[in-house]
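*Asks:* Residue strings, one per chain:
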Amino acid sequence: MSQKKHSSTRMVPVPTNSIVPERDINEIPVLETRHLGIEFGGLKAVDDFNLTIGKTEIAGLIGPNGAGKTTVFNLITKVYEPTSGATLINGRDLHGLGIAQASKLGIARTFQNIRLFDNMTVEENVRIGLHNNIKYDMFSGILRLPRYWIQENRQHEKALELLHIFGMEGLADERAGSLPYGVQRRLEIVRALATNPKLLLLDEPAAGMNPHETEELMENIAKIRDQFQIAILLIEHDMNLVMGVCEGICVLNFGRIIAKGTASEIQQNPVVIEAYLGKKKEGQA
Amino acid sequence: MKMTKAKRNKLIYNIVTFALVIGAFLILQSMIANKTITRSLKGQLVPICCWIVMAVSLNLVIGISGELSLGHAGFMSVGAYTGAVVSGLLINVYDIQDATLRLVIAIIAGGLLAGLVGAIIGIPVLRLQGDYLAIVTLAFGEIIRNLVNVLYIGTGDGRLYMSFLNKKLPEGIVMLVDGAKGAVKIKPISTFTAGFILVLITLAVVLNLVNSRAGRAIKACRDNRIAAESMGVNVTKYKMMAFVTAAVLAGMAGALYGLNSSTVVPTQFTFNQSINVLVFVVLGGLGNVLGSVISATLLTVLPEVLRAFADYRMLVYAVVLILVMIFTNNPTIRSFVNRLIAPFKKQNKSGGDAQ
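Chains E and Z, in that order, give the protein sequences.
Just so it is clear: in the first sequence, position 251 is 251 by the working numbering, and no numbers are missing.
Just so it is clear: in the second sequence, position 116 is 116 by the working numbering, and no numbers are missing.
Be aware that a few hints might be false.
Unchecked claim - List of simulated lysine to aspartate or glutamate pairs, EDC-like, C-alpha gap at most 20 Å:
no.: 1; chain 1: Z; residue 1: K7; chain 2: E; residue 2: E247
no.: 2; chain 1: E; residue 1: K223; chain 2: E; residue 2: E247
no.: 3; chain 1: Z; residue 1: K7; chain 2: E; residue 2: D118
Said to hold, decoys possible - Reference listing, derived: stretches of chain E covered by chain Z, where coverage requires no fewer than 3 residues with Cβ under 8 Å from a Cβ of chain Z:
no.: 4; region: 102–113
no.: 5; region: 120–131
no.: 6; region: 142–148
Hint data in this document are derived by calculation from the structure and do not stem from the laboratory.
We put the beta carbon where it would ideally sit given N, CA and C, even for glycine.
When you get a sec, could you build the whole thing from the sequences and use the hints?
*Replies:* Okay, here's the thing in structure tokens:
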């Protein structure tokens, strides 16, 4: 292919059958991917990935193991540079930007295998999330100028306010690494919210949680969307959670989208059932 | 604002660190006044201050920023040479006789130039990670040493002459830096008080930096690079910040060190010296500033005290390093030590937790 890859000026046909909820139809979609793809040494891990997410939509990304779901997250957050296609956040092309710059444009994420700053306290973890929201320069910090005290206080209050979402203010001084698994997952969400995102990517937020905790998480995801007016895209294997909270669901298999639609549409889609359970052999009952 | 437990612990740590340093200074000053101090120890006071500053600043790079840098002595040599040249210029050209003023200007100049060199080196080097970064910083340390080995700086008629070839300098000028002979004819102007103030400045800079927004970002990059970047932290910027700050402090220590004797030679700043500082840092504990202060002091004084055994110094260093590594990193030994101190800890904890 002689055509220059992932150039931002390339003409691309806008993907069809997007599933943006009606209330967001007149807004700029928070995330738009166009023919996004990446190859690892000839293997197309993700190919022709088209997805549009509305301003306040909760969307789900599901698929069997190894389908490329986390790779999609890594493409959107610029951990990987895509080999084809484009990602737009609020209409802005992410081409050529780094992870930190993408974060400044309003993408925040959690990780499948938790990546907290284990040796720091819970509050410090959230304060890292506030890094670009409540700022002061290095010299104010070293010389302890008034700006340092004002901004540190603001960070402290904001951190506690965010921790309050999950009722975790009491844990502010605990070492993040010493927390139980489920609490660590919630802390990751709080830390991601602290960056003041427009799009929150949750990678298996319910992994390792018991049914009761998952139930709570479902409520909290909806609550976060309502309170912060942000879009959420989540990867999850817990179908109760996905079907219960997601407005639009996108199914991925072998790096390609095989179905898009609402929960009930997906549940009845034969292609999806085949991807998960395998094909019925001829002659079997 | 309510003081949280973590905050209180940090404050106590900082107070203990400063109290220890100031206390030691006062004791030593009174010993000097009473003339009860031994001559060899008195001669060691300024070097001790220099090595403390070196250890604390290297701890900022290794312990807090988490990058293994093996060229720290290179920045010290930049500072030492700059300090010697600036001090020489101030006497010969600008005729400034006030020693304190000369010392302050020399230290600031040494710090600034070392910081500049640190920034220039940091741009390519900090793109590397782990072993690669260690090897490249080692190489840069050696490059700096080899450059000053052929550096000739002289002054005469109110002008500054500089060359990497001796022949090009005119006759009859005052040599400040004479190639492999090093910086010569330095008038020693370093004082223990100046060293003490430099130590305090270093401690304040490093401790305040660590407990600020920038310091948290530096630690976040160390703990989990991807997560830190995902939170919008510019990793290169904060690694650079730690590296350059450490270079500035090392340069200041170098200037103080250089102006403490009448000559400075390039062989004082070899790879071995970088490793020496690394030993201070590892022995004191990575990221532990107070530990660096104590280990730098002890390991500078001990060889003088054990002069008779000086030949075995490096052997002891090696053994001590191995032992410290085993004791701090071996899970079996750690759990054994924890079990030993558990009864005492429990008593404290039950007292502290009852609210």
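*Asks:* Could you check the structure against the hints above and give me the numbers of any it violates, in ascending order?
*Replies:* 1
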